[in-house]
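Engineer: Please construct the entire structure, taking both the sequences and the accompanying hints into account.
Taken in sequence, the protein lines are chains R and S.
One point on numbering: in my numbering, the residue at position 69 of the first sequence is 69, and numbering is uninterrupted.
Here my numbering runs 82 ahead of the position in the second sequence, where the first position is 1.
Some hints here could point you the wrong way.
[As the list claims (entries may be wrong)] Stretch-level coverage of chain S by chain R, calculated; a stretch enters the list once three of its residues show a Cβ under 8 Å from a Cβ in chain R:
hint: 1; stretch: 89–101
hint: 2; stretch: 267–275
hint: 3; stretch: 300–310
hint: 4; stretch: 331–338
Derived from the structure by calculation, the hints contain no laboratory data.
Predicted model, so just to flag it, every value in this text is computed and none were measured.
Cβ atoms here follow ideal geometry from the backbone N, Cα and C, with glycine treated the same way.
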Amino acid sequence: MARGTITIDEKRCKGCELCTSVCPKNLIQMATYFSARGYRPAILVDPHAQCTGCMLCSTICPDVAITVYREMKSRKAQLVAA
Amino acid sequence: MLTDDMQVVYECPDALTDVITHYCPGCTHGVIHRLIAEVLDEMGIREKTIGVAPVGCSVFIYNYFDCDFAQAAHGRAPAMATGLKRVHPDRVVFTYQGDGDLAAIGTAEIIHAAARGENISVFFVNNAVYGMTGGQMAPTTLPGMKTTSSPTGRDVELAGFPLRVSELLAQMTGAAYVVRRSVHDPGNINKTKKAIRNALNVQLNQAGFSLVEILSSCPTNWGTSALDALKFVKEQMLPFYPLGDYKVADSAKSFIVG
Numbered sequence: 001m002a003r004g005t006i007t008i009d010e011k012r013c014k015g016c017e018l019c020t021s022v023c024p025k026n027l028i029q030m031a032t033y034f035s036a037r038g039y040r041p042a043i044l045v046d047p048h049a050q051c052t053g054c055m056l057c058s059t060i061c062p063d064v065a066i067t068v069y070r071e072m073k074s075r076k077a078q079l080v081a082a
Numbered sequence: 083m084l085t086d087d088m089q090v091v092y093e094c095p096d097a098l099t100d101v102i103t104h105y106c107p108g109c110t111h112g113v114i115h116r117l118i119a120e121v122l123d124e125m126g127i128r129e130k131t132i133g134v135a136p137v138g139c140s141v142f143i144y145n146y147f148d149c150d151f152a153q154a155a156h157g158r159a160p161a162m163a164t165g166l167k168r169v170h171p172d173r174v175v176f177t178y179q180g181d182g183d184l185a186a187i188g189t190a191e192i193i194h195a196a197a198r199g200e201n202i203s204v205f206f207v208n209n210a211v212y213g214m215t216g217g218q219m220a221p222t223t224l225p226g227m228k229t230t231s232s233p234t235g236r237d238v239e240l241a242g243f244p245l246r247v248s249e250l251l252a253q254m255t256g257a258a259y260v261v262r263r264s265v266h267d268p269g270n271i272n273k274t275k276k277a278i279r280n281a282l283n284v285q286l287n288q289a290g291f292s293l294v295e296i297l298s299s300c301p302t303n304w305g306t307s308a309l310d311a312l313k314f315v316k317e318q319m320l321p322f323y324p325l326g327d328y329k330v331a332d333s334a335k336s337f338i339v340g
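Structural biologist: Set out below in structure tokens:
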């Protein structure tokens with residue numbers, strides 16, 4: 001079960017690759033295609049839902065391209081679901 | 083993947099506009115803009131903030147911030163901020179200056195603003211070159227560092243030694259809060275954000291002049307990738323420009339966190 005995820009705004013991303021260097025799970029890669037502005041944008045490759053929403057990528061992103069989401073279930077709700 | 087249980091924990095701060103910056107890929111100006119915007123939002127002072135834009139790469143900063151801005155002549159941002167703050171003492175006034183602007187043509191202005199103890203905040207972005215004009219040698223260029231006007235490396239016999247602005251201004255009686263930070267990794271970015279918050283807090287409490295020097299990268303003019311530029315900051319710039327709190331006056335101590 002995913003605990004978090006990110007979205008990367010391809011219009012803002014300039015393909016500087018800084019986010020790829022800080023992801024603790026190495027989930028961010030550079031796309032093989034070009035964005036409309038001519039950069040290879042960063043993309044999240046997370047088939048096993050490992051992203052925790054730790055915000056390291058959004059902290060280092062110079063172009064504020066990354067929005068971070070995190071699961072906000074309360075502890076009680078998690079216990080009930082289990 | 084995005085599910086219904088997920089909530090946004092980080093998004094673009096309100097104090098930044100939707101305009102995409104003109105900075106080169108990997109330029110840390112974007113990081114520093116974002117930190118200032120986040121602090122303005124968190125402190126709830128955006129509506130009463132006036133920024134002063136410099137000359138340099140960050141000259142278009144007023145397009146990116148959703149708060150009032152004035153544009154100063156090259157190096158004169160502290161002088162303009164002095165006027166703004168004296169006319170509008172209830173406003174938060176900050177300047178955002180690069181090293182070519184603050185440490186070269188604007189040396190007189192910054193030294194006297196600090197000496198007078200003007201109640202303004204200065205964010206000084208030090209990337210060791212003149213970025214906008216094509217990467218020429220700046221007063222902060224490291225000894226031996228190659229730039230377009232020192233192609234064999236800065237020769238200290240010919241060009242002298244770099245200026246350490248934080249150490250210089252820390253000697254001023256009027257300065258209340260002078261620190262140096264860096265944005266080369268997420269931990270240091272968070273520390274920089276705290277320092278920006280402290281500087282504005284010092285100003286809000288009329289404690290005096292505050293300056294945060296931020297070591298920044300310039301991948302384009304250094305001729306490196308964005309990742310190697312951050313490595314250069316860490317390995318080459320940090321030994322010459324050590325991070326730390328160079329002055330925290332007694333009047334400012336109670337407004338400093340962390």
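Engineer: Do three or more residues of the stretch 89–101 of chain S come closer than 8 Å to chain R, measuring C-beta to C-beta?
Structural biologist: Holds: 8 residues of the stretch 89–101 of chain S have a Cβ under 8 Å from chain R.
Engineer: How does the coverage statement for the stretch 267–275 of chain S fare against chain R, requiring three or more residues with Cβ below 8 Å from a Cβ of that chain?
Structural biologist: Held - the stretch 267–275 of chain S has 4 residues with a Cβ nearer than 8 Å to chain R, which meets the minimum of three.
Engineer: Using C-beta distances, would you say chain R covers the stretch 300–310 of chain S, given that this needs three or more residues below 8 Å?
Structural biologist: Result for this restraint: holds, n = 4.
Engineer: How does the coverage statement for the stretch 331–338 of chain S fare against chain R, requiring three or more residues with Cβ below 8 Å from a Cβ of that chain?
Structural biologist: violated (count 0)
Comparing the model with each earlier hint shows a violation of hint 4 alone; every other hint is respected.
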